[in-house]
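Colleague: All chains, please: the whole structure from these sequences, using the hints.
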Amino acid sequence: MARAPSAARFEALYRSCYQDLLGYALRRVDRPESAADVVADTFLTAWRRIDEIPDEQARPWLFGVARNVMANHQRADRRRADLGARLRQELAGATTIEPSVPPEIAHAFRALPEGDREVLRLVAWEGLSADELAVAFGCTVNAARIRLHRARRRFAEALRTPTFTSRERSHRD
Amino acid sequence: MTDVDEEQDHLIRLLSPTVHVPEPARAAGEDLLHAILDTGAPATNWRRRLLVGVPVAAGLTVAALVAGSLLTAPKPANAALTFTEGDGFLTVTIKDPAADPQRYRDELARRGLNIKIELVPANPENVGKVVFEESGAPGLEPIEDPGRCTANGSCQVGFKVPLNFSSYAVVAFGRTPLPGEFIEGGSTEENAVGGSLIGKRVSEARQILAANGMTAEYRVGPKSMAAPADQVPGDWIVFDTAPIPGNIIVLWSSADGKPPAPTGDDTPRPPASTRPGAPASTRPGASASVGPGASSMPVTSSKAG
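Protein chains in written order, with numbering that gives the first Met the number 0: chain A, 0 to 172; chain B, 0 to 304.
Don't take each hint at face value.
With the C-beta cut set under 8 Å, the calculated list includes, among others, these residues of chain B facing chain A [said to hold, decoys possible]: (1) D8; (2) I11; (3) A27; (4) G28; (5) C148; (6) L162; (7) A260.
Quick caveat, the hints were computed from the structure, so don't treat them as lab data. Beta carbons are placed, not taken as given, at the ideal position from N, Cα and C, and that holds for glycine.
Modeller: This is how it looks when you write it as structure tokens:
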């Protein structure tokens with residue numbers, strides 16, 4: 000049976016973005032199993048709204064949905080559908096290794112508001128441009144650029160501000 | 000992007016955790032693709048979206064599942080929505096999130112616009128923000144206040160619509176909840192209490208809830224079935240929670256504190272069978288059983304690695 004064009008489009012989108020979305024979710028959730036629900040909810044939403052996904056901006060659109068899925072844990076509804084059940088089980092074996100980085104950098108980053116951190120992570124980790132950030136955040140390009148600019152400025156300030164730990168270190172050094 | 004920006008991005012990339020995904024998860028990804036496609040063709044009425052924490056761009060609403068109870072009628076108060084007309088557009092922003100939405104609807108109807116304004120109970124940071132938007136066609140543009148963004152990125156404080164907008168729309172602004180009123184998705188406090196219970200024993204969770212004047216409901220087993228309190232042993236571990244109306248926190252718990260693996264049948268497993276020491280434990284990394292959304296998929300026996 001021939002598939003509808005929307006199904007073909009969804010399948011192509013799924014195959015090209017599944018790994019990225021899974022990685023995105025795994026880097027942000029506490030337990031790897033939870034990433035399965037994020038991925039399942041995100042793609043289910045994408046399927047149901049396939050006609051509304053912008054052609055050239057599908058990837059950042061998916062990140063925007065995933066962000067929202069993580070922000071709004073409608074757990075009861077999701078578990079009833081339980082589309083991600085098998086993936087959740089398999090992901091129990093996933094491991095996440097925290098990197099070893101100079102504590103000054105980690106401190107400076109942690110000191111930022113979560114909104115800033117997410118803007119910076121979407122750019123640095125997921126490779127989103129400012130225009131794509133606008134799609135992910137559902138805001139105007141101008142607002143996205145302002146937010147990125149402010150986040151960068153605050154991160155730079157945080158890097159310049161010595162933390163208790165870094166003062167201790169430099170004292171010791 | 001400047002060199003300084005590039006340097007920043009490099010530093011931030013250093014902070015990225017490395018994730019290793021077991022090979023079977025890739026097969027499970029195929030499984031998920033087909034399970035989603037099997038849910039049927041996209042529904043045309045899939046346009047109502049809750050946008051708590053997420054603003055809306057023209058023709059683009061970022062989705063979350065929403066309970067139908069969201070759009071309940073709020074109590075009237077003094078109206079204070081600002082309408083500004085110019086260049087063929089109407090700009091609507093909210094000044095008093097406690098105002099009567101009927102007046103807004105009348106204002107919009109007077110201009111021939113089929114746009115319904117709702118006010119819904121919201122957490123403090125979403126009061127005065129657009130938390131939900133539904134429209135029959137693109138046209139609504141967000142009005143944002145980047146100085147008032149919430150922690151997770153909602154900056155939208157209004158919308159702009161062409162005066163010749165001929166489709167329909169529903170826009171919900173967050174308002175302060177009435178005393179005791181339930182906020183969809185739970186209040187900050189309810190979520191804080193719920194979140195603090197994860198990893199705790201059910202007995203301890205019950206005490207904490209009682210101390211906060213709250214009660215528990217229980218979901219157990221791979222099908223997340225409701226269970227009465229006396230069937231949920233106090234030494235089980237809570238692995239997830241969610242606030243629901245009535246000052247209730249739903250507790251998902253299991254003997255080992257892990258979400259139970261799906262069994263593939265539709266029979267809820269009696270809680271007794273997953274007590275500690277019972278043979279029906281759900282061991283992560285064991286061969287996968289078939290989930291309810293994928294009954295036609297073969298069981299994989301590949302090992303996580």
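Colleague: Give a verdict on every hint.
Modeller: Results for each hint:
{"no.": "1", "hint": "D8", "verdict": "holds (4 Å)"}
{"no.": "2", "hint": "I11", "verdict": "holds (4 Å)"}
{"no.": "3", "hint": "A27", "verdict": "holds (4 Å)"}
{"no.": "4", "hint": "G28", "verdict": "holds (5 Å)"}
{"no.": "5", "hint": "C148", "verdict": "holds (6 Å)"}
{"no.": "6", "hint": "L162", "verdict": "violated (20 Å)"}
{"no.": "7", "hint": "A260", "verdict": "holds (5 Å)"}
Going down the numbered hints, you'll see the structure goes against just number 6.
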